[in-house]
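Working from the sequences, and respecting the hints, build out all of it.
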Amino acid sequence: PYVVRIKVPRKEEIRSKDIIRGWVIVHSSKVDDKVLFKSDGMPTYHLANVVDDHLMKITHVIRGEEWLPSMPIHMLLYKYLGWEDEMPEFAHLPLLLRPDGNGKLSKRDGDKLGFPVFPLEWMDPSNNVVSSGYREKGYFPEGFINMLAFLGWNPGTTQELFTLDQLTEAFSLERVGKSGAKFDLEKAHWYNQQYLRSKPNKELANLLMPFLEKAGINTSMAFAENVCGLMKERATFIPDMLEGKYFFIQPNEYHEQTFNKKWKEETPEILSGFRKVLEEIQVFTSSNIESSFKEYLERNEYSIGSVIPNLRLLITGIGSGPSIFDIIELLGKEETLSRIVNGLNKLTSTQIK
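Counted the way the numbering used here counts, the sequence shown spans residues 9 to 361.
Rather than coming from a laboratory, the hints here were simulated on the basis of the structure. Just so it is clear, CB atoms sit at the ideal spot from N, CA and C, and this is done for glycine as well. Please note that a few of the clues may not be correct.
Cβ pair distances, simulated, as ranges [to be verified]: (1) R18 x L172: 48 to 54 Å; (2) S114 x N268: 43 to 49 Å; (3) R13 x K120: 37 to 43 Å; (4) L172 x K15: 44 to 50 Å; (5) R143 x E298: 16 to 22 Å; (6) I66 x E177: 21 to 27 Å; (7) T67 x Y88: 18 to 24 Å; (8) N136 x G185: 33 to 39 Å; (9) L156 x E298: 42 to 48 Å; (10) S206 x T227: 20 to 26 Å; (11) Q290 x N268: 34 to 40 Å; (12) S114 x G224: 19 to 25 Å; (13) P77 x R18: 14 to 20 Å; (14) R143 x Q290: 46 to 52 Å.
Below you can see the structure in the form of structure tokens.
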């Protein structure tokens with residue numbers, strides 16, 4: 009049995025041009041006579057890769073930098089096979105690094121740290137282990153593409169959000185950096201958040217409805233659209249909007265920390281008084297509700313900082329969220345009054361420990 013090797017010239021420089029790294033010069037003494045045909049007659053990757061790319065008329069070979077040491081061999085093969093004039097251009101991309109910058113990003117890193125490394129969910133056939141994908145995790149294609157483009161590349165401007173057409177126009181391999189690109193999970197979230205915020209409420213509501221149905225919440229599309237309008241500034245992924253489930257269901261529990269910190273002996277009397285103010289509002293809009301609220305506080309010399317958290321607690325059951333006046337407008341007068349009464353009954357009869 010025998011193998012067939014490439015005969016690398018001795019005592020000369022092999023010059024290879026890379027789009028990202030410029031001229032790469034390697035002395036032939038550093039290059040092995042690689043096997044081209046194994047003893048069973050099968051070609052190795054080096055030969056098969058070059059022949060395959062030539063037959064398919066590949067114009068650009070774009071691959072990871074781990075293949076950079078193989079470029080001199082591949083350049084020589086094109087030359088020896090008489091295809092030098094048809095040789096593709098080469099570009100060796102920098103490695104994607106772990107979030108801490110230490111080492112190459114791997115599937116195991118994603119599984120361990122809780123973020124996807126594949127565009128789509130993927131099962132390893134060797135062990136049936138499933139790795140999550142960006143689509144299944146709720147990333148929008150636009151955000152994913154932006155994130156991917158900026159791993160090692162920059163446009164030379166301060167612009168960070170690009171449509172696909174804009175990226176096609178702006179992207180060039182020449183502006184890809186040589187150093188490894190550190191994967192930034194927070195930046196990936198930021199891209200998704202920006203595209204979520206930019207989407208019409210109707211589109212977001214369509215995406216939210218399956219999650220509402222799964223949670224056993226029945227509502228109209230119009231109401232869901234309004235909820236999305238209030239919640240999208242606070243969401244990174246569509247399921248995050250379920251934090252606003254209080255829009256659909258009256259609270260049965262109330263945020264313990266807010267209650268213990270903000271609820272005072274006089275709070276029930278203050279909120280009961282504001283309930284009467286709400287009853288008198290004819291045009292039930294956020295601006296009218298807010299102005300009536302402020303007039304009520306000023307008239308009675310109440311502090312807004314001590315009342316707002318408790319009003320929110322009664323209406324939503326939690327201590328944070330969108331403007332409470334926007335929430336009240338969306339819920340409507342009848343529902344809001346009901347929640348104030350129910351909340352006061354529960355919180356004045358049962359002390360949260």
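Each hint tested on the structure:
At roughly 49 Å, the beta-carbon separation of R18 and L172 lies within the given 48 to 54 Å, and the hint holds. Under the hint 43 to 49 Å, the C-beta atoms of S114 and N268, about 45 Å apart, fit the expected range. For R13 and K120, the Cβ-Cβ distance of about 41 Å falls inside the hinted range of 37 to 43 Å, so the restraint holds. For L172 and K15, the hinted distance range of 44 to 50 Å is satisfied, since their beta carbons lie about 46 Å from each other.
Distance hint check: the CB atoms of R143 and E298 are about 41 Å apart, inconsistent with the given range 16 to 22 Å. For I66 and E177, the hinted distance range of 21 to 27 Å is satisfied, since their beta carbons lie about 23 Å from each other. For the hinted restraint 18 to 24 Å between T67 and Y88, the CB-CB distance of approximately 21 Å keeps it satisfied. Range check, N136 to G185: about 37 Å between beta-carbon atoms, so the 33 to 39 Å window is met.
Between L156 and E298 the Cβ separation comes to about 43 Å, which falls inside the hinted range of 42 to 48 Å. Against the hinted window of 20 to 26 Å, the Cβ-Cβ separation of S206 and T227 comes to about 24 Å, which satisfies the hint. The supplied range of 34 to 40 Å is met by Q290 and N268, whose beta-carbon atoms lie about 37 Å from each other. The hinted range of 19 to 25 Å is not satisfied by S114 and G224, whose Cβ atoms lie roughly 39 Å apart.
Between P77 and R18 the beta carbon distance is about 18 Å. The supplied range of 14 to 20 Å therefore holds. Distance hint check for R143 and Q290: the Cβ-Cβ separation is about 48 Å, which falls inside the suggested range of 46 to 52 Å.
In summary, the structure is inconsistent with hints 5, 12 from the numbered list given earlier, while agreeing with the others.
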